[in-house]
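K.L.:
According to full-length UniProt numbering, the sequence shown is numbered sequentially starting from 1.
Simulated from the structure, these hints should not be mistaken for laboratory data. The structure displayed is predicted, hence computed values, not measured ones. Hints may be right or wrong, so weigh each one.
[Stated by the list, open to error] Below are the DMTMM-like pairs computed for lysine to aspartate or glutamate, each with C-alpha atoms no more than 20 Å apart in a straight line:
no., residue 1, residue 2
1, K60, E22
2, K7, E121
3, K124, D33
4, K117, E66
5, K124, D113
6, K109, E14
7, K109, E127
8, K11, D61
9, K124, D61
10, K60, E127
11, K60, E6
12, K124, E66
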Amino acid sequence: MALFSEKRAAKILEEGRTQSNEQTLETALSNRDKILRKVINSASLAPFLAQVSTLFSMIKDYVTGEYREVPWWSLGSATTALLYILMPLDALPDFIPIAGFLDDAVVLKLCLDLIGKDINEYRKLREQTQDQAE
1 MALFSEKRAA KILEEGRTQS NEQTLETALS NRDKILRKVI NSASLAPFLA
51 QVSTLFSMIK DYVTGEYREV PWWSLGSATT ALLYILMPLD ALPDFIPIAG
101 FLDDAVVLKL CLDLIGKDIN EYRKLREQTQ DQAE
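Put together the whole structure using the sequences plus the hints.
P.N.:
Structure representation (structure tokens):
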């Protein structure tokens with residue numbers, strides 16, 4: 001039996017997504033440095049550093065009004081995944097050697113898979129905006 005299933009990750013994302021609001025977006029943004037530190041220091045999460053940074057940028061741009069094309073469903077999923085990383089006592093507590101961050105990685109990976117299209121659209125728009133600025 002797997003330590004943490006994709007089905008359980010999907011349930012976590014669904015529950016978090018339905019509870020997400022402007023406050024949870026702000027909470028994720030205010031904990032950006034803590035979350036990034038956990039990602040960088042975890043072998044399970046470090047491969048996702050670029051994607052996590054993009055999620056933070058997308059959320060920030062939504063909050064500031066610079067980018068509103070992303071569906072709320074995707075924002076809720078991203079926020080849930082990011083805040084899940086922050087929780088030390090989740091499905092697999094982070095203090096458990098090796099396994100502690102596996103559930104975080106599964107939740108994050110599923111989130112990235114689910115909202116990948118929206119992330120790609122956001123990246124394309126940012127690239128176009130940067131090209132026009134140059």
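K.L.:
Taking each numbered hint in turn, which are not upheld by the structure, reported in ascending numerical order?
P.N.:
2, 3, 7, 8 and 11
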